[in-house]
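Asks: If you read the protein sequences in the order shown, they are chains A and B.
First residue of the first sequence: 1281, per the working numbering; consecutive thereafter.
First residue of the second sequence: 27, per the working numbering; consecutive thereafter.
In case anyone wonders, no lab produced these hints; they're calculated from the structure.
A portion of the hints provided could be inaccurate.
What the hints assert, rightly or not - Across the chosen pairs, the derived CB separations fall in these ranges:
| # | chain 1 | residue 1 | chain 2 | residue 2 | range |
| --- | --- | --- | --- | --- | --- |
| 1 | A | LYS1498 | B | LEU151 | 38 to 48 Å |
| 2 | B | LYS171 | A | ARG1313 | 39 to 49 Å |
| 3 | B | THR166 | A | PRO1602 | 17 to 27 Å |
| 4 | A | GLU1366 | B | ALA165 | 49 to 59 Å |
Said to hold, decoys possible - To give an idea of the interface, some chain B residues facing chain A are shown, with a C-beta separation under 10 Å as derived from the structure:
| # | residue |
| --- | --- |
| 5 | ALA158 |
| 6 | GLN164 |
| 7 | ALA165 |
| 8 | THR166 |
| 9 | ASN168 |
| 10 | LEU169 |
| 11 | ARG170 |
| 12 | LEU172 |
| 13 | ILE173 |
| 14 | TYR174 |
| 15 | GLY175 |
For each residue, glycine too, the CB sits at the ideal point set by N, CA and C.
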Amino acid sequence: MATQAHSLSYAGCNFLRQRLVLSTLSGRPVKIRKIRARDDNPGLRDFEASFIRLLDKITNGSRIEINQTGTTLYYQPGLLYGGSVEHDCSVLRSIGYYLESLLCLAPFMKHPLRIVLRGVTNDQTDPSVDVLKATALPLLKQFGIDGESFELKIVRRGMPPGGGGEVFFSCPVRKVLKPIQLTDPGKIKRIRGMAYSVRVSPQMANRIVDSARSILNKFIPDIYIYTDHMKGVNSGKSPGFGLSLVAETTNGTFLSAELASNPPGQGTAVLPEDLGRNCARLLLEEIYRGGCVDSTNQSLALLLMTLGQQDVSKVLLGPLSPYTIEFLRHLKSFFQIMFKIETRPCGEELKGGDKVLMTCVGIGFSNLSKTLK
Amino acid sequence: KAAGEGSKAGLSDSLNPEKSLTMKKAILTTSDSGHCTAEEAFASEDESEESSSLSTEGEDSENEEVTRKKIPESSQVVSGQKLGLENLINETSDVEDLLREEESYKEENKFPTETSGALKWKEDLSRKAAEAFLRQQQATPNLRKLIYGTVTEDNE
């Protein structure tokens, strides 16, 4: 990690998190130019600045240089340190935005990461904390990251624009990751969900559950959707409601979908019935796409496969998302890893959309910063 | 019925040269040693067409070769190479044609006209397989190439 490799340079504000995370893991400095250079409001946004501050908190010895206008960023990564950290996330993006990157970095810390994140727990753009808890944590467990201290807890819920939510995340460290062989997703055995409402009538959550069940009940009997109505100081600063659904398969694959209500004052008011139905349809769409990893966690799975032991890892994915495709390109430039990509057309047995079988040999990345005990 | 069969045979014959032509093209493209120019490729194509049309008349093809030899070439070495290649191709194509004729002949003998409908799927299995493979290759996008760009082409 401390080796001085020549830096990679990029232009534009896209995929900032990917680049900084991969830079931290590979130890290669990055230089990003032209960040919204032609924009009326040029440079890094608040949420990106907050993300960089978070990286600075969990690493030791990082060098970050940002020019006057914020259009150029130079990042020389330090060692991943971890430990107990607190961070106030920007309310422009949800905690999921920060948590996605932390999930990539946390297994490789020197000390186990215990972090409190404050901000927006559920919004309409990023994967919510509920979904990450239900899908990303089981995925990490497949790679051998497990233990009592591995948890993600929603202490307070916060909806945009006010925020006020709080999340606790702790993750054990591992020296090496196990290779995975996930080629058979199995069949859907149960659907779980979480309908939440804050600072609105608790009846909203029940209405969401009823409408979502009206669609899902036709397919499978084992459905349970929890309602979560947080009150008082735990309900954040803004009203809102939403639903996240997770389908579990017989082979331990989790496929998820979610929807949240419009923030007050933005767009038209959403009926909880519509939200429930649409979310159920989104889950059906996700099941149609299928694969052993759902579309929000594709890149996380590919990263952990890359960083695994020098052994073959295989994973069957649904159609690759644009984010994943760019991530594959970044993996190539940072780690010189190219995946073997085979398309699996949907045959008699494999129902749903076309699948992609991704195969790679891990680079044998080991956590050098972990202390021996 | 016999007339129909005859026409069929004629059709298949007329189809065969085309196939052999494409095959020869494939052979040429694969067997090029790196210094094959576009000019050369064109010449050999012409040659193969002529040879296929004149394969029945041996004398004419010989004459052709003689006249070809007389045509002044820019470099002797290249023409020599080309001639060697042409001869080789001619031989192989002749052999292939013979083989093909034999095959079709055998098939007709084996499966009389009464049962030909029932066993139609058995005809040209290898060709069907090849077509299905090519169709599959063209239908499914090469994701690796789409994702990693042209770099993979150089590697593979």
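Asks: Evaluate each hint against the coordinates.
Replies: Hints, one by one, checked against the model:
1. A:LYS1498 x B:LEU151: 38 to 48 Å: holds (44 Å)
2. B:LYS171 x A:ARG1313: 39 to 49 Å: violated (28 Å)
3. B:THR166 x A:PRO1602: 17 to 27 Å: holds (19 Å)
4. A:GLU1366 x B:ALA165: 49 to 59 Å: holds (53 Å)
5. ALA158: Where the cut-off is 10 Å and the nearest Cβ of chain A is about 13 Å from B:ALA158, the hint is violated.
6. GLN164: violated (13 Å)
7. ALA165: With a minimum Cβ separation of about 9 Å from chain A (threshold 10 Å), the hint on B:ALA165 holds.
8. THR166: holds (5 Å)
9. ASN168: holds (9 Å)
10. LEU169: holds (4 Å)
11. ARG170: holds (5 Å)
12. LEU172: holds (8 Å)
13. ILE173: holds (5 Å)
14. TYR174: Given a least distance of 6 Å, the restraint on B:TYR174 holds.
15. GLY175: holds (8 Å)
Hints 2, 5, 6 from the list above are not met by this structure, while the remaining hints are.
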